Amino acid sequence: MKFSELLQALAQSENHSLVINPACDPDITGVAQVEQAQPGTISYIDGNKFASAIDSTGASALILPLDGALQTKATDREIAWVASDQPRKLFAETIAVFYQPFQLEPSIHPTAVIHPSVQLGKNVAIGAHVVIQAGATIGADVCIHPNVVIYPDVIIGDRTVLHANCTIHERTRIGKDCVIHSGAVIGAEGFGFVPTSAGWFKMQQSGYVILEDEVEVGCNSTIDRPALETTRIGRHTKIDNLVHVAHGCQVGEACIMAGQVGLAGAVTLGKRVILAGQVGIVDHVKIGDGAIASAKAGVHHDVEAGAIVTGIPAIPHKLFVKAAAVFSRLPEMYQTLRRLQKQK
Amino acid sequence: MKFSELLQALAQSENHSLVINPACDPDITGVAQVEQAQPGTISYIDGNKFASAIDSTGASALILPLDGALQTKATDREIAWVASDQPRKLFAETIAVFYQPFQLEPSIHPTAVIHPSVQLGKNVAIGAHVVIQAGATIGADVCIHPNVVIYPDVIIGDRTVLHANCTIHERTRIGKDCVIHSGAVIGAEGFGFVPTSAGWFKMQQSGYVILEDEVEVGCNSTIDRPALETTRIGRHTKIDNLVHVAHGCQVGEACIMAGQVGLAGAVTLGKRVILAGQVGIVDHVKIGDGAIASAKAGVHHDVEAGAIVTGIPAIPHKLFVKAAAVFSRLPEMYQTLRRLQKQK
Amino acid sequence: MKFSELLQALAQSENHSLVINPACDPDITGVAQVEQAQPGTISYIDGNKFASAIDSTGASALILPLDGALQTKATDREIAWVASDQPRKLFAETIAVFYQPFQLEPSIHPTAVIHPSVQLGKNVAIGAHVVIQAGATIGADVCIHPNVVIYPDVIIGDRTVLHANCTIHERTRIGKDCVIHSGAVIGAEGFGFVPTSAGWFKMQQSGYVILEDEVEVGCNSTIDRPALETTRIGRHTKIDNLVHVAHGCQVGEACIMAGQVGLAGAVTLGKRVILAGQVGIVDHVKIGDGAIASAKAGVHHDVEAGAIVTGIPAIPHKLFVKAAAVFSRLPEMYQTLRRLQKQK
Chain A
1 MKFSELLQAL AQSENHSLVI NPACDPDITG VAQVEQAQPG TISYIDGNKF ASAIDSTGAS
61 ALILPLDGAL QTKATDREIA WVASDQPRKL FAETIAVFYQ PFQLEPSIHP TAVIHPSVQL
121 GKNVAIGAHV VIQAGATIGA DVCIHPNVVI YPDVIIGDRT VLHANCTIHE RTRIGKDCVI
181 HSGAVIGAEG FGFVPTSAGW FKMQQSGYVI LEDEVEVGCN STIDRPALET TRIGRHTKID
241 NLVHVAHGCQ VGEACIMAGQ VGLAGAVTLG KRVILAGQVG IVDHVKIGDG AIASAKAGVH
301 HDVEAGAIVT GIPAIPHKLF VKAAAVFSRL PEMYQTLRRL QKQK
Chain B
1 MKFSELLQAL AQSENHSLVI NPACDPDITG VAQVEQAQPG TISYIDGNKF ASAIDSTGAS
61 ALILPLDGAL QTKATDREIA WVASDQPRKL FAETIAVFYQ PFQLEPSIHP TAVIHPSVQL
121 GKNVAIGAHV VIQAGATIGA DVCIHPNVVI YPDVIIGDRT VLHANCTIHE RTRIGKDCVI
181 HSGAVIGAEG FGFVPTSAGW FKMQQSGYVI LEDEVEVGCN STIDRPALET TRIGRHTKID
241 NLVHVAHGCQ VGEACIMAGQ VGLAGAVTLG KRVILAGQVG IVDHVKIGDG AIASAKAGVH
301 HDVEAGAIVT GIPAIPHKLF VKAAAVFSRL PEMYQTLRRL QKQK
Chain C
1 MKFSELLQAL AQSENHSLVI NPACDPDITG VAQVEQAQPG TISYIDGNKF ASAIDSTGAS
61 ALILPLDGAL QTKATDREIA WVASDQPRKL FAETIAVFYQ PFQLEPSIHP TAVIHPSVQL
121 GKNVAIGAHV VIQAGATIGA DVCIHPNVVI YPDVIIGDRT VLHANCTIHE RTRIGKDCVI
181 HSGAVIGAEG FGFVPTSAGW FKMQQSGYVI LEDEVEVGCN STIDRPALET TRIGRHTKID
241 NLVHVAHGCQ VGEACIMAGQ VGLAGAVTLG KRVILAGQVG IVDHVKIGDG AIASAKAGVH
301 HDVEAGAIVT GIPAIPHKLF VKAAAVFSRL PEMYQTLRRL QKQK
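Residue numbers (full-length UniProt numbering), protein chains in the order written: chain A, 1 to 344; chain B, 1 to 344; chain C, 1 to 344.
These aren't lab readings, by the way, just hints derived from the structure by calculation.
Pairwise CB distance ranges, derived in the manner of DEER restraints:
no., chain 1, residue 1, chain 2, residue 2, range
1, B, Gly40, C, Gln335, 58 to 64 angstroms
2, B, Ala198, A, Pro331, 38 to 44 angstroms
3, A, Gly58, C, Pro152, 27 to 33 angstroms
Because the structure is a prediction, the values reported are computed rather than measured.
Note that the Cβ used here is the ideal one computed from N, Cα and C, for glycine as well.
So that you can see chain A by itself, here it is in the shape it has in the complex (with noise of 0.2 angstroms):
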């Protein structure tokens, strides 16, 4: 599409401030890293990292800061250009022009196992050899791809999708818009067992998870559902792959966990909480919002609103930092303390 169209395409986003080159309008067939960019491409420069490339893209046109010099730049290079206040969101409102994931189409397939009990919405599409037991509740233009099995009672909101080979456990409930990523694993039993002198008594988990609207769980993670009550994932949170939060987490809105993230039993999250890859959250604890914990952290103790955490057991980020730099030196401190000791 020519340039101009693509603008076209892109102008119902809000948010943004638009400037933009009418000198030139030319055809437009994909999007590209700036770096790597053909003619034909469109690509984007944000921030200082990649300024220079300016001078060397291939790009036929770029999205770009509200950025004088670099506008500048462009129109004398013949690139068309498009500035922006937000210019990585309106070039992910450009790769989505250009690309979807791909979906089915919504019919049922005959290979489908669907129980006579189940009420399916509008416009689903359930691919092949999927099984949904009694009971569940499928929302209209619901997607669930090939190999998902779905337990009795689960409910799944408007547009979800169930990638292949997830599994929701019984009673769960998914909101809309949610994107349930291959492998994951929702609502199965959270890992209750009684210490007892003959053992491990097993507490059966009769509660059950729900996910609220706008909601993705990465490839393999795992959400189980607790004794009683709930495990809550609040609006619009989006959980990276092999995640695991246990049984009685209370998650809040929009927020963050990234690869190989753990939250142990009852760990409660505020908003905007950002995890990092590989933290692990001690059982009860509770992250206050907007809180980050740095990739790894292990955090034992409840973390006020704001702050950022590192370190196992995490402190805050800042002293972390500094502790650390001092770890490398504490062969010579040691050897300087024997020192003054010994001059005693």
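Starting from the known structure of chain A, arrange chains B and C on it as the hints suggest.
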């Protein structure tokens, strides 16, 4: 049911010293946490943490510890109660009266693909799209949920449950009363490569995995088979989600492995070992009976029976706690030391 | 088979300097570990660890290092033997003579659902309930175990094996002689969200994953596709279970990633990099050829070729070992320092 009927249902249970308030006999329709409990539910109080809830809970019945003061309060509030020396276990038994997880009815779904050489016990339940390869033996009352794949020559003991989408590889032997949760992979090839000048030469993994009776394996956990002999998980051991047990490990009875634990090759665990979340054990390490590794510990050396270890590398827990407390003070210690040095 | 026949079967192997004891030629029916070996088996001794077993092993044949003393002892005990400069590799080859993992016979199971546009090579084996979407190309002698799902436009090279319940997402290109283990998910959407005032704006992941030839991916591991371009795993790289490789990573040839390793976005690994269990690499970090990260290392900065790093954050291994040794002494150091300060 009436509270008195519930008590009869629980009466088979052992190890409880029951003291009962005979004054009232409410209808009980379900279980609840003491702080959220509504009339018609039974809840429990165990230890000091929830003791204050006795004054406000809406529960119609309570499981109490052997604590006369709590019992008097409950009686005063006209709450039916039963007291036990193991209130948490009694509550677990109570949940099981009201709730049992979903099981398939005994029958073989017509879409299951079962090799004619497979031996099936009485009352097996085999779900849709299950695949069982040649030579497998499935015990009585086994429940295999949809989309499970069983490779050749697997043996599965009576009453074991395999949840949807798990995979059992060749020659694995699973005992009686085991539960394998969704997505778990048991008996796949261990990660065995011999370094050579031409690259990584694959060592075929001709051994197999044994899970003894009453073992549970969590969602998406993996237990690999070795090149020779066995990988063994002892009776009554419970494994949480996303745990990795590498080839050749020998795990004793009644161990606990929490989420995301990793055992490298040929690790040996004694009996009743507890590994908290995200612990890693280096290959060939031996952990003694009853030892505990704290969350995120990295265990490089053998651990004595009964020891508690923490940290990376793991050291005795009490020592770690003291050292970690000083870690935060490293920057000031470093400054102090420099000052002392200069004053010399 | 006779020991002499076994040697003939192994003779194609290169890189071995074989020395053979011609005095006896027992029947060999299997392989065993040297300490558990029974008559009729062949075992191996490599290095000092098992050298003492030569006096007690029940094995009828042994693979030995080029060590005359061991060879003499074996001869004295009337154990047939062959000596090699790479006894472990020769033993691996011996296992492969007696044992090959289960493969499906070439054929297409009638329950497989294969889009008519899919191109299938010669002698493919496609198991029950496999789903292959439109546009995929499957090479010759490929084995796809039951319940695997392949999204559209995937390319799979000759002789590659996909184990049960794994999922290959759209446009993934898998080379020749690869093995994808059960539950692995290749080519799913990278975890890409642009932070905006309205929340996390999803960046569609229009790139794809390339696995070059001879790559292995362990059970339940995940390799994500990027927004643009590729995530690439170099030829002959071996990945263990539960590993996460995020979008845009570029992994060189012949790398090793042990269990539960996590690579954040756009990490670059050189050739022959070894990442031990539970290592995490921060996004955009570059690791040089032949570098090693020890178990549980958290790597925040680029690592030079050949370096060995340990710790969180990772520092040179030798430095870490010294500093970690002092860590245990921090409490006493702190006390000493306070005492010295007071004495001033």
